[in-house]
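Chemist: Take the sequence shown: its letter number 25 is residue 25 in my numbering, and every next letter is one higher.
Because the hints were derived from the structure by calculation, they are not lab data.
Be careful, since some hints might not be right.
The list that follows gives simulated cross-link-like pairs (lysine-lysine, PhoX-like), each with its CA atoms no further than 20 Å apart [as the list claims (entries may be wrong)]:
#  : residue 1 : residue 2
1  : 502       : 468
2  : 636       : 574
3  : 8         : 133
4  : 433       : 308
5  : 217       : 8
6  : 568       : 583
7  : 568       : 605
8  : 174       : 120
9  : 206       : 217
10 : 69        : 583
11 : 468       : 70
12 : 636       : 8
13 : 120       : 69
Simulated restraints, written as ranges between beta carbons of each label pair [stated by the list, open to error]:
#  : residue 1 : residue 2 : range
14 : 468       : 513       : 20 to 30 Å
15 : 8         : 182       : 20 to 30 Å
16 : 182       : 225       : 39 to 49 Å
17 : 395       : 225       : 51 to 61 Å
Here a beta-carbon is modelled for each residue, glycine too, at the ideal position from N, C-alpha and C.
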Amino acid sequence: MAIAFSDKEWEVFCNIISGVESGGQVYGKGDWGNITEAYTNTPNETAITIGAYQFFGVEAGQLLILFYKKYPDLFIKYNNTISPSMRDIAHDFEAAVSDPDKYWSNYRISKTSAKAKVIKDMISSPEGIICQKELLKSNSQKHLEYAYNLGITDHKALAMGMQIAHLGGTSALKRIISKTSKPYTVASIDAALRTDNQNSSQVGAKIFRSRHDCVIKWLDQYWPKDSNTSTSNSSSNSSNVNNNNTGGKTSMAKTYPAGYISNSGHDENNNYYGGRAGDQTGTEWQIRSWYNRPWTQVLHYPDANVRKTIAQLAIEAALNNKIGYDQYERTTFWYQLAKVGYHPANIKTPCESDCSAGATACCKAAGYLHNISGLKNLSPDNYTGSMVSAFRAAGFEIRTASKYLSSPDYVCAGDVLLNDHHHTTICISSGVKTGEGLTVYDENSISTTTSSSSNSSSSNDALNETVKSYIYANKAQVALRTWAGKDNSQLKSFPTVVKGQKLGLCDTVKASDGSTWYFVKIEDKYGFVDSADTSTTEPTASTTATNSTSSGSITINGVSMAVSNGSKFNTTSKKWTGTCNAKILNLRRWAGTDSALLSSVPNIKYGTTVYVYDVLLDSEGAPWLYIKVKNPTTGKYVWAFCYAAYITKV
1 MAIAFSDKEW EVFCNIISGV ESGGQVYGKG DWGNITEAYT NTPNETAITI GAYQFFGVEA
61 GQLLILFYKK YPDLFIKYNN TISPSMRDIA HDFEAAVSDP DKYWSNYRIS KTSAKAKVIK
121 DMISSPEGII CQKELLKSNS QKHLEYAYNL GITDHKALAM GMQIAHLGGT SALKRIISKT
181 SKPYTVASID AALRTDNQNS SQVGAKIFRS RHDCVIKWLD QYWPKDSNTS TSNSSSNSSN
241 VNNNNTGGKT SMAKTYPAGY ISNSGHDENN NYYGGRAGDQ TGTEWQIRSW YNRPWTQVLH
301 YPDANVRKTI AQLAIEAALN NKIGYDQYER TTFWYQLAKV GYHPANIKTP CESDCSAGAT
361 ACCKAAGYLH NISGLKNLSP DNYTGSMVSA FRAAGFEIRT ASKYLSSPDY VCAGDVLLND
421 HHHTTICISS GVKTGEGLTV YDENSISTTT SSSSNSSSSN DALNETVKSY IYANKAQVAL
481 RTWAGKDNSQ LKSFPTVVKG QKLGLCDTVK ASDGSTWYFV KIEDKYGFVD SADTSTTEPT
541 ASTTATNSTS SGSITINGVS MAVSNGSKFN TTSKKWTGTC NAKILNLRRW AGTDSALLSS
601 VPNIKYGTTV YVYDVLLDSE GAPWLYIKVK NPTTGKYVWA FCYAAYITKV
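When you get a sec, could you build the whole thing from the sequences and use the hints?
Modeler: Right, dumping it as structure tokens:
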């Protein structure tokens, strides 16, 4: 059973933690730029503590990495102020890769150092404050669920338990609750806390007494009066929201009161890519209470029945543990969704999405279920910056009045909340001022049969994954895409294949423009290829380059290049200049994804200029460019390999 705080409850809890951690016991004060050196508070604190909420050691590292991932441009800007000889904070991320917990739990710097100044400037910026709040909520949500599983249901008592866990960890909270008499209230927990003072390091010690007194006073003074007093007996509280994400069927309907959303936001490691397919924690895509991102638009479809379907699909996605989060595999959710009749509850194969790909896929699926061409034509590749124009073209109204953006009161189930620079999510329940009723969801009403797909030509209208025959790429570079049609993105794992590449033909589909595409298998991956780019005849050895020792030539971005045999590379004659067309592109020591990242410049961002000198084919026959690129920290050029599909000629 899931448990959630309202936005107002989270606001009070965050203000309490900032007040007792860095605000001098003044409610809501907090020192956003605080840097506390190792060993300052206790002899056991072997690393720095930072921010208003006093993130220590590993959590301090999590905060810095979160800032880097959310605001890479600002991160680079701040770190450019560090002397190159001191190695910037990004190098610390690299050093932490082998054992991050050990590294960050011993991360010690002087508070007067250049690095400390950069950290202070970053975390106290508006963007840094957003990151601090986001990380506190993320970590505290785990404490909330832990406290709830210990049997605490009163929300004020849960907040009391969470601040104990924030101070001493979940083991301390478990110890306190084991001594607490029922029913669990703030008073009964505090009574047990007062017995937990055998030594100065325990959470009930005298040195923490004034802290706990402040928490109790502020809970009484600021906790919302309309807050759920008990999750076990309130008909309008979050216990009605079953978010176990089991991936299977449940036997009872669930009612969602006003103020709930279906939110896809991070992987199991609180990162944006790199985790395992599927939802490992139940929080990669989850149902949670409405919050203000802030939102810049609400995308509202005028047909209430279609909106209801969008909301139902978003609930199904959040409740299915087979659907996780990964920006690099974001369209695999749509691919699986199209295979199973457009109902996320029917997905059995682990797949990934992100916020914009997930919202788009749910709306696109509703188009197929209602046979609405505008919705069916939504591209699975939409991102937050493209959604306003794309959804307007699909028939959505774009609402920007403050009443729609600042609270859940006027939003409808099936509305899409959007911050067109950062995030999007789907409302699954209607606000109290919309005049629409509660959302009732019953998984037993979902059809488990695969419905007809107009994109498939197979006899049962579901894509066949068994190889029927083999075909071959007939051009120098043939794109493999996430769905039929050139307007869909290329696969992350195999964006292109070279001439002569052998592909397993599984099925035939039609793109929206009527062209014929093949559904193909390459190694253990599946994708779509334009039939015009393939041949049933295997090219002769003289017309194709199939491995890293091939000589021959290949055309990339309109430039014919001799393929290196791998023994020596051209470093004197630049072939052409290009720019990175991926959000983040890894640079490697050799051709192939199994090669190590370059230590000095492990990746580059979108728009980075590179100079192309040579090309090498990896063991699968895929082209990798040998490039020269500037190290943004030192200003010196380095040599590296990168995948050819992610470089565009300028």
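Chemist: All hints are to be evaluated individually against the structure, with a verdict given for each.
Modeler: Hint-by-hint comparison with the structure:
1. 502 <-> 468: Holds. Residue 502 to residue 468 sits at ~13 Å (cutoff 20 Å).
2. 636 <-> 574: The given pair, whose Cα atoms are some 17 Å apart, holds under the 20 Å limit.
3. 8 <-> 133: 14 Å, holds
4. 433 <-> 308: Within the cut-off at roughly 17 Å; holds.
5. 217 <-> 8: Distance of about 17 Å is within 20 Å: holds.
6. 568 <-> 583: 30 Å, violated
7. 568 <-> 605: 28 Å, violated
8. 174 <-> 120: 34 Å, violated
9. 206 <-> 217: 17 Å, holds
10. 69 <-> 583: Between residue 69 and residue 583 the Cα gap is close to 11 Å, so the pair holds against 20 Å.
11. 468 <-> 70: Not satisfied, since the Cα-Cα distance of roughly 44 Å exceeds 20 Å.
12. 636 <-> 8: Since the Cα atoms of residue 636 and residue 8 sit roughly 50 Å apart, the hinted pair is violated (cutoff 20 Å).
13. 120 <-> 69: Holds, at roughly 17 Å.
14. 468 <-> 513: 20 to 30 Å: 24 Å, holds
15. 8 <-> 182: 20 to 30 Å: Taking Cβ atoms as reference, residue 8 and residue 182 lie about 27 Å apart, which means the hint holds.
16. 182 <-> 225: 39 to 49 Å: 24 Å, violated
17. 395 <-> 225: 51 to 61 Å: Check failed, 42 Å falls outside 51 to 61 Å.
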